[in-house]
Amino acid sequence: MEGSQREGDADGNIRTSIVVAAAKNLLSKLFRLKHYVMQIVPPRRDRAAARSGDKAGSPREDIMRKRLFATIAFTALTAMTAVSGLLSGAAQAADPIKVGAIVSATGPASFLGDPEKKVLELYADRINKAGGVDGRQVQLTVYDDGGAADKAASFTKRLIESDGVDVIVGGTTTAATMAAVPLVERAGVPFISLAGAVVIVEPVKKWVFKTPHTDRMAAEKVMEDMKKRGLTKLALLSEDSGFGKSGREQTVAVAKERGIELVADETYGAKDTDVTAQLTKIKNNAAAQAVLVFGLGQGPAVVTKNYRQLGISLPIYQSHGVASKEFIRLAGGAAEGVRLPAAGLVVAAQLPDSDPQKKVVTEFTKVYEDSFNTEVSTFAGHAYDGLMIALDAVKRAGGTDKAKLRDAIEQTKGYVGTGGTVTMSAKDHMGLTLDAFHMVEVKQGDWALVK
Amino acid sequence: MNALLHGRLTGLLALGAVIAILPAFLPNNFYLDIAILAGFNAVVCVGLNLLIGYAGQISLGHAGFFGIGAYASGVLVGTYGWPPVLALLAGAAFVGLMAFLVAKPILRLKGHYLAMATLGIGIIVSIVLRTESGLTGGPDGMMVEPFRIFGVELYGEKVWYWVVGVLLLGVVWLSLNLIDSPMGRALRAVHGSEVAAEVVGVDTARFKVLVFVLSAVFASVAGSLFAHYAGLITPAKADFFKSIELVTMVVFGGMASTFGAVVGAVVLTLLPQALTVFQDYQQIVLGGILMATMVFMPKGLLPTLAALIPARRRA
Amino acid sequence: MFAELLQYMLSGLTIGAIYALAGLGFSIIYNASHVINFAQGEFIMVGGMASATLTASGVPLPLAILIGCGGAMLVGVLVAKFAVERARNASTVTLIIITIGASIFLRGVAELIWGKDFKRLDAFSGETPIQILGASMQPQSLWVVGTAGVLIVAIGLFFNKTLTGKAILATSHNRLAAQLVGIDVKRVVLASFALSAALGAIGGAVVAPITFSYTEMGIMLGLKGFTAAVLGGLGHGPGAVAGGLIVGVAEALGAGYISSAYKDAVAFVIILAVLLFMPNGLFGKRGTERV
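Chains as they are written, first to last, in my numbering: chain A, 1 to 451; chain B, 452 to 766; chain C, 767 to 1057.
It is possible that part of the hints are untrue.
Unchecked claim - Simulated pairs of lysine-lysine, BS3-like, Cα-Cα distance not exceeding 25 Å: (1) B/Lys609 - A/Lys157; (2) B/Lys750 - C/Lys927; (3) A/Lys205 - A/Lys404; (4) C/Lys932 - B/Lys750.
To be verified - Not close to chain C: a few residues of chain B, all C-beta gaps over 12 Å, as computed: (5) Lys561; (6) Gly573; (7) Ser584; (8) Leu605; (9) Val610; (10) Val614.
As the list claims (entries may be wrong) - Pulled a few chain C residues facing chain B out of the computed Cβ check, cut under 8 Å: (11) Ile863; (12) Ala868; (13) Val875; (14) Asp883; (15) Trp909; (16) Phe924; (17) Leu989; (18) Ala1008.
I should point out that these hints are in silico values taken from the structure, not numbers from a laboratory. These numbers come from a predicted model, not from an experiment. Glycine included, every Cβ here is placed at the ideal spot set by N, Cα and C.
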């Protein structure tokens, strides 16, 4: 506890000092520039007359144009120098491992992205305090895309072009990941995504990897469970985001393979605060035997609340996009009985001792919860896995040569992480199998393993 | 007349010079990227400034036109295989027509009602783009093919920088000419007092429609080219916030000042990037800057600065 | 069939009540100062966030709402005092941007104080749905509609019976004349911001159990409130209330019968249609422009 407190303070101090330094830098530059501009701008002879309008062709006109030019140049130069000053401000230690990250720390996916950001910062710090990787420090640059794909793309560009990172971890959402993919493929930078959709790694892209389980696996797991309960008719409610859309496609495909009939196919918006209209339709659909909600962030919590409000009694499944205590907290009592596939991390204490993941997830849970005073989520785990796989690959590649690093990531074998045991190959850039997934049910405000 | 041309030319030359020497100061493609984005915003803002600054009409929906242009290019080129130039023109023509059709009834509205109506149009456009995911890829957007013309593919920041630079110069030149034309004077009259202008025989309605259409077309063309440059477009490019951002750029830089619009676009494109160092304080700083500028410089940055610098010197 | 319609109507009226409160807030400020306050949604957010976080830390609900309300009023007065009042003679667009700047600023501050995550506020009287003719309704909806109703009536009385209310009304009719008869116009503007903020904050608090509270909750609610105010005719109080309810119900029906994806578009389609035929909204008065 005490340790984390001090870390927090140090962090705050550093941030303040950066801001102060940046402001000082900016001010001094402004003053110098202003001085310069004063010299080239001629004095205005008659203010009143000048204000009365632009008389074409007068010498005043000429002066005004020049002044205009000077002002434009002044503003543009100030802005440019300010930005470049701000961006390249920090002094760098000798040859660190540059890890870039793009997460959705704000916006509709913030309950995924915020823990991811925290974990990356926490572990980069811990690793550095323990001496770094092969004696090299980890230099982490995190940007928040606010859940917007276009921002993710522009930050990816910034990481590659301006920050010159060796490897990128992130893309909290599928959309952010897919926006970054063409850029990393072109630039040839190893990229480990934290998003769920199967499209990220199928077809395999040379530089792109991912840590979470896929939506396809989630759909398979859910239908496996439905079969066990003797349910065959499913109503689907998916989010209109990249994750939800991919999830919907996978659900449709898997349903066909497994002989499950899709009797309703509704969508909702990621920021919707009321989905009773869609649920009313599902409620009035006599054929439905179970409902699957495919979405992430707070949307599924809204759905779950509305679900109970409308008094629908069918079994409800969620995807792995809600595997966070945050979901239970938001949905409150309505979450009781919701089932979803999740990584072993959320049920660490309930895993049998024989489980290979037991040690890793128990330890990670302890570190996380001690540091942040909140409960661990699978998303925090995805970020941990991403960072560890990347750094492990740096060790094996003997450096940060991008091509070697990529090969080393692809050769990751038997890495036991929070998501399961990862063994990648040229054909599989995720490396997880279905048994890394556990069906859990919300019971008394906590996750319980479904036996 | 000669002198007038001269004055206009000086501004243009100055802008041209800034555009020409700027790349020498930019250390890498990321900065070039920001400059390009600023350029696209500036193109839209110059058009919007004609509407807000000179015709005195507010539009809180211009991002909608930008978005239509962008998606016209994205969809027509990507899905239907049109040549990019044709798609760009089709988008611009569609936007022009749409703006023309809605202009008459909408520009009858005054003040806040006009703001509401344009805001509504913008939001409806962005919702359509977000919802028709079969065509547009939905909320997460769609990939757009690179721009090809005469068998040459425009690709990379270095090429696009010059494309945008030339486009901006062209748009500024057009705008300056328009302002100095008889129509421009009529436009300024409209901003002064519409009723008075009408009394002295200026057909204000016609001018307002024309400027509305023109500014919409500027936005559409910028949108089309942006789509090809960025390679990824999302409905966020058409939404309410983008519209507000554009209006803010115009007002921030200085209403009724073409170069002010350019400066506003450049500063406000840079600001969020520069503010990433403030991390959690980003929004506070951005909001604070907006408020402070408008409270203390209600005329906008450029006109206020232009008045301030010599005044100080004299004192 | 009927149950379905009723279900949509109930959802629509609940959210419509919040739009009505927001719309009323827009109208009150517009009347007193001719400013469209785009930070209105942020008042709702402050109310929602404050009540959710305070109750979570053990403060009794009524007190939490009261504190949230007071906080929002303070914020409202500050915005009026330091941003709007100083830019008194600025153009419409400039004023709009000032209030937008204020809303971004407030969201930033809120994010700093309360964090980015969603806050949960328990429903005031349980979550057991009430069954009405086959439709089910949350008890919280009754709270929302009831609170909005009481507030709207109270505002009506305030404007027609109290001296302060009459002063605000007088200012809205003729600013100069009001000043001449000794009304402190500046204080009227401050009072109108405080009042709107209070309305928004209470609205935010009662709706929070339904929508969750988060720092961006005010954006869409604010825009819909603006739509409601324009629909009813800017500055027309009862019009704003009617506008809010119309928008809310139309949205719910649109989501149910047309397409849930186009739910948010419904409000704006209505407003465009109305403005085409009634350029001053449903109940707005026709204005003449002075030269």
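So, going through the hints one by one against the coordinates:
1. B/Lys609 - A/Lys157: holds (14 Å)
2. B/Lys750 - C/Lys927: Since the Cα atoms of B/Lys750 and C/Lys927 sit roughly 41 Å apart, the hinted pair is violated (cutoff 25 Å).
3. A/Lys205 - A/Lys404: This hinted pair holds, its Cα atoms lying about 16 Å apart.
4. C/Lys932 - B/Lys750: violated (35 Å)
5. Lys561: violated (7 Å)
6. Gly573: Given a closest Cβ separation of 9 Å, the condition is violated.
7. Ser584: violated (9 Å)
8. Leu605: holds (35 Å)
9. Val610: Since the minimum Cβ distance to chain C is about 35 Å, B/Val610 lies beyond 12 Å and the statement holds.
10. Val614: holds (30 Å)
11. Ile863: holds (5 Å)
12. Ala868: Check passed: Cβ of C/Ala868 comes within 6 Å of chain B, closer than 8 Å.
13. Val875: holds (6 Å)
14. Asp883: violated (14 Å)
15. Trp909: violated (30 Å)
16. Phe924: violated (24 Å)
17. Leu989: holds (7 Å)
18. Ala1008: Cβ of C/Ala1008 sits 16 Å from chain B, so the hint is violated.
Checked against the numbered hints above, the structure violates hints 2, 4, 5, 6, 7, 14, 15, 16 and 18; every other hint is satisfied.
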